[in-house]
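Residue numbers (this note's numbering), protein chains in the order written: chain A, 262 to 480; chain B, 262 to 480; chain C, 180 to 382; chain D, 180 to 382.
None of these hints come from the bench; they were simulated from the model.
All C-beta atoms, glycine included, are put in the ideal place defined by N, C-alpha and C.
Mixed in with the good hints, there may be bad ones.
To be verified - Pair by pair, the computed Cβ-Cβ distance ranges are:
#, chain 1, residue 1, chain 2, residue 2, range
1, B, Phe374, C, Val364, 24 to 34 Å
2, D, Glu326, B, Ala342, 32 to 42 Å
3, B, Gly408, A, Gly375, 51 to 61 Å
4, A, Lys407, C, Pro213, 41 to 51 Å
5, B, Ser378, A, Arg398, 53 to 63 Å
6, D, Glu326, A, Lys407, 39 to 49 Å
7, D, Ser358, A, Gly396, 36 to 46 Å
To be verified - Straight line, CA to CA, 25 Å or less: simulated BS3-like cross-link-like pairs of lysine-lysine:
#, chain 1, residue 1, chain 2, residue 2
8, C, Lys263, B, Lys379
9, B, Lys379, C, Lys250
10, D, Lys226, A, Lys367
11, B, Lys356, B, Lys367
12, B, Lys407, C, Lys304
13, D, Lys304, A, Lys407
14, B, Lys367, C, Lys263
15, B, Lys400, A, Lys400
16, B, Lys379, C, Lys226
17, D, Lys263, A, Lys367
18, B, Lys394, C, Lys247
19, B, Lys394, C, Lys250
20, A, Lys379, D, Lys263
21, D, Lys234, A, Lys379
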Amino acid sequence: MNGPQDLGGRAGFGPVLIEQDEPIFHADWEGRVLGLTLCSGVLGHWNLDESRHARECLPHTFYLSGSYYDIWLTALETLLARHGEVSAAERAQGKALAPGLRPERKLDAAAVFGVLSKGGPVDRSVTAEEGFKVGDRVKTRRGSMKGHTRLPSYAMGREGVVTGVRGFHVYPDSSARGTGEAPCWLYGVTFTGEELWGEGAEPGTEVTIDAFEPYLDHA
Amino acid sequence: MNGPQDLGGRAGFGPVLIEQDEPIFHADWEGRVLGLTLCSGVLGHWNLDESRHARECLPHTFYLSGSYYDIWLTALETLLARHGEVSAAERAQGKALAPGLRPERKLDAAAVFGVLSKGGPVDRSVTAEEGFKVGDRVKTRRGSMKGHTRLPSYAMGREGVVTGVRGFHVYPDSSARGTGEAPCWLYGVTFTGEELWGEGAEPGTEVTIDAFEPYLDHA
Amino acid sequence: MLMHDHAHDNELSDQEARVRALETILVEKDLVDPGAIDAIIETYSEKVGPQNGAKVVARAWSDPAFAKALKADAMTTIESMGFKGRQAEHMEVLWNGGGVHNLVVCTLCSCYPWAVLGLPPVWYKSAPYRARAVSEPRAVLAEFGVELPEETRVKVWDSTAEVRYLVIPERPEGTEGWSEDDLAVLVSRESMIGTGLARSPGA
Amino acid sequence: MLMHDHAHDNELSDQEARVRALETILVEKDLVDPGAIDAIIETYSEKVGPQNGAKVVARAWSDPAFAKALKADAMTTIESMGFKGRQAEHMEVLWNGGGVHNLVVCTLCSCYPWAVLGLPPVWYKSAPYRARAVSEPRAVLAEFGVELPEETRVKVWDSTAEVRYLVIPERPEGTEGWSEDDLAVLVSRESMIGTGLARSPGA
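The task is simple: from the sequences and hints, build the whole structure.
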């Protein structure tokens with residue numbers, strides 16, 4: 262879905278604003294949002310792909326004007342409501358009106374370091390042969406305007422070359438939709454600047470994306 | 262330039278909101294902005310392409326959240342300042358601090374109907390042969406991320422067929438930049454839904470754009 | 180989606196003040212005649228609107244020679260009815276029928292054939308319409324209440340240059356022998372953009 | 180462009196109240212341990228940050244066997260230093276040098292190798308960086324003060340999946356025989372994203 266998150270190659274955003282000696286958090290609430298997001302994720306109602314998709318479904322103007330932690334917060338509220346943990350009425354009143362559904366999954370302070378160190382690897386047991394190998398010329402699919410995808414629109418319908426095989430990974434397009442992990446091969450695919458941006462490309466540049474096998478055809 | 266105006270095929274904007282019995286203007290100021298824009302255009306400091314480009318250079322969040330007449334107004338203020346007719350200081354004080362540069366070009370009320378009826382045709386004397394003919398298969402260029410263009414990004418790098426020859430028209434990519442009209446052939450170019458949107462395309466649809474000759478190569 | 184209160188194109192009185200200031204300055208500088216603004220507003224409020232296009236459509240339905248001329252040279256033929264000028268300097272006419280439905284959009288701004296349809300409605304200028312008319316035209320049509328047969332081909336026209344498009348909708352059944360004036364009443368603005376069909380008699 | 184006041188990631192106290200309300204509800208429901216939030220904040224404020232990545236780079240510069248291992252298996256080798264976990268589950272290492280400069284971006288969100296670099300700065304998550312790093316990387320680098328020789332090839336890596344990238348910048352001249360700890364001081368966060376170079380001694 263080429264929603265507000267699909268920013269690669271878009272013009273009109275002006276210069277990169279770099280803050281000197283930037284603090285890790287700009288306000289206390291940002292750290293709390295980070296923590297709430299990770300703790301809520303541990304409850305297991307949704308996966309990483311569904312949470313990304315919730316952010317990407319926010320309105321364009323909000324997505325582009327909010328701070329990133331505001332995007333996280335709004336998506337978290339959406340997810341908690343969708344999965345029955347915190348209703349809009351509860352948020353409005355600032356108090357719980359019904360018990361939590363999964364208190365047994367609560368992340369205790371003592372377990373934080375272990376959980377963060379473990380992370381959430383997405384490589385899975387290989388159940389299919391690689392459809393492409395390093396050096397293959399490929400063309401990316403057009404992709405769909407609907408549903409979750411990790412194929413950015415600037416790289417849709419473009420020819421490139423496979424430059425790496427990254428592993429057999431969970432397929433976000435399926436995972437975000439709740440239709441299973443559907444793992445598949447993930448490749449590094451490299452495009453020339455000219456292929457992506459035409460004559461206006463900066464000379465001597467290339468871009469590599471990580472592309473799941475369903476995004477690719479032999480060129 | 263695929264700025265905020267380049268909306269074709271973008272996801273995430275929700276349903277079309279249709280107002281029943283919509284008035285022509287929603288507030289008096291909208292009509293005044295329309296009039297001010299047309300009257301200021303007659304002063305001849307800028308052409309239609311420069312004025313479009315001024316709108317398209319507005320920030321994404323403003324462009325996507327403002328009403329269209331607010332976009333027009335803001336672009337008009339930009340153009341009047343750029344061409345030395347109305348400064349920011351004058352706008353802030355709400356009064357003229359210097360004389361107008363081109364009062365002799367002022368559009369009188371009595372001339373309005375004639376000027377609107379005449380319009381501003383953009384066809385020019387033909388000085389080049391047509392590079393393409395109806396039926397030719399063409400591929401659109403990647404286009405540039407910089408500068409004005411009328412090639413929407415959803416139709417960049419796509420194969421289509423020439424379905425019409427529209428005339429020999431002013432080339433906006435040059436005109437907007439103030440580097441002359443550089444007229445060239447304009448074609449109707451038709452793409453299948455599948456070519457533009459892949460497998461997710463609605464069946465039995467096609468899209469025709471009007472494409473200037475420099476946007477096209479033989480496929 | 181129908182919307183009874185419009186949320187978008189209204190603004191605060193700050194906006195009135197801002198526009199008034201700009202007009203004041205331009206008038207003080209003798210660059211703008213307020214009467215010209217009044218005349219422009221009057222033109223698009225009272226004289227130039229979809230009633231013009233409806234007359235073109237009604238004549239195209241009733242007069243085979245006119246229809247033939249319109250197919251051969253849309254510009255000259257439309258001008259012959261007195262409709263011409265700004266934002267209709269170059270016209271193409273699109274005929275619905277024979278299993279084809281045409282839909283017009285301007286994804287890059289809000290280009291629209293002013294001389295025959297007047298000023299565009301807010302939805303035509305809105306991001307959802309501009310974004311989706313090219314990528315999911317049938318879904319957009321459904322939001323306008325237009326359901327086409329599955330086998331109908333949908334042709335979308337993106338007005339990316341200075342050519343403006345007018346759709347000639349299909350003539351409703353049961354209108355044989357009607358006058359042009361009576362037929363014109365059936366021709367909605369939406370039917371000439373392609374987001375609607377001509378009204379049926381009695382509908 | 181340097182920005183001394185950040186205008187973006189600050190918010191009203193309304194926002195504090197909104198977040199506090201959500202936390203209160205989740206704690207009342209026994210779904211969230213406030214101490215866990217504290218521990219997460221402490222982790223990324225004090226323990227996990229670019230100092231981790233700098234140690235990897237410094238060792239790669241000083242220890243040929245480590246560098247070789249890093250090239251052969253980035254993941255395992257980085258984990259051997261104790262840096263692993265969330266947002267670094269799958270790592271690739273990119274070596275600058277030999278006429279190649281690497282630059283990392285995530286155009287679709289803000290994927291970033293947390294375990295070695297901590298949390299991403301605001302600019303990394305911002306629309307201008309995400310939009311332009313892929314289409315005009317040299318122009319972006321210039322805004323960071325990085326001017327590369329014209330013949331240098333710029334390789335941009337868009338983190339579109341769960342693989343995270345760490346750039347190994349070129350070792351500055353004049354650092355022969357330096358200890359890993361001293362070298363690590365030269366390794367800025369930006370140099371490991373590709374928007375900077377390693378600092379030169381005395382710079």
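Verification of the hints:
At about 26 Å, the CB distance of B/Phe374 to C/Val364 agrees with the hint of 24 to 34 Å. Range check, D/Glu326 to B/Ala342: about 33 Å between beta-carbon atoms, so the 32 to 42 Å window is met. For the pair B/Gly408 and A/Gly375, the beta carbons lie near 53 Å from each other, so the given range of 51 to 61 Å is met. Against the hinted window of 41 to 51 Å, the Cβ-Cβ separation of A/Lys407 and C/Pro213 comes to about 49 Å, which satisfies the hint.
Between B/Ser378 and A/Arg398 the Cβ separation comes to about 56 Å, which falls inside the hinted range of 53 to 63 Å. Checked against the hint of 39 to 49 Å, the pair D/Glu326 and A/Lys407 passes, with Cβ atoms roughly 43 Å apart. In this structure the hint that D/Ser358 and A/Gly396 lie 36 to 46 Å apart at CB holds, the actual value being about 41 Å. Of the pairs offered as hints, the one joining C/Lys263 and B/Lys379 holds, with about 7 Å between alpha carbons and a cut-off of 25 Å not exceeded.
At most 25 Å may separate the alpha-carbon atoms for a hinted pair to count; B/Lys379 and C/Lys250 meet this at roughly 23 Å. For the hint pairing D/Lys226 with A/Lys367, the CA-to-CA distance comes to about 23 Å; that is within 25 Å, so the pair holds. The hinted pair formed by B/Lys356 and B/Lys367 meets the criterion: a straight-line CA distance of about 18 Å does not exceed 25 Å. With a C-alpha separation of about 24 Å, the suggested pairing of B/Lys407 with C/Lys304 holds against the 25 Å cut-off.
Restraint check for D/Lys304 and A/Lys407: the C-alpha separation of about 24 Å stays at or below 25 Å, so the hint holds. As the CA atoms of B/Lys367 and C/Lys263 are separated by approximately 23 Å, the hinted pair is consistent with the 25 Å bound. With a CA separation close to 16 Å, the supplied pair B/Lys400 and A/Lys400 stays within the 25 Å bound. For the given pair, B/Lys379 sits about 16 Å from C/Lys226 by alpha-carbon distance, which is consistent with the 25 Å threshold.
A C-alpha spacing of about 23 Å is found between D/Lys263 and A/Lys367, which places the hinted pair at or below 25 Å, so the restraint holds. Note on B/Lys394 and C/Lys247: the hinted pairing holds, with a Cα-Cα distance of about 24 Å set against a maximum of 25 Å. Taking the CA atoms of B/Lys394 and C/Lys250, the gap is about 20 Å. The hint holds against a cut of 25 Å. Taken as a hint, the A/Lys379 and D/Lys263 pair is honoured in the structure, with Cα atoms around 7 Å apart against an allowance of 25 Å.
Only pairs whose Cα atoms come within 25 Å are accepted, and D/Lys234 paired with A/Lys379 is accepted, the gap being roughly 20 Å.
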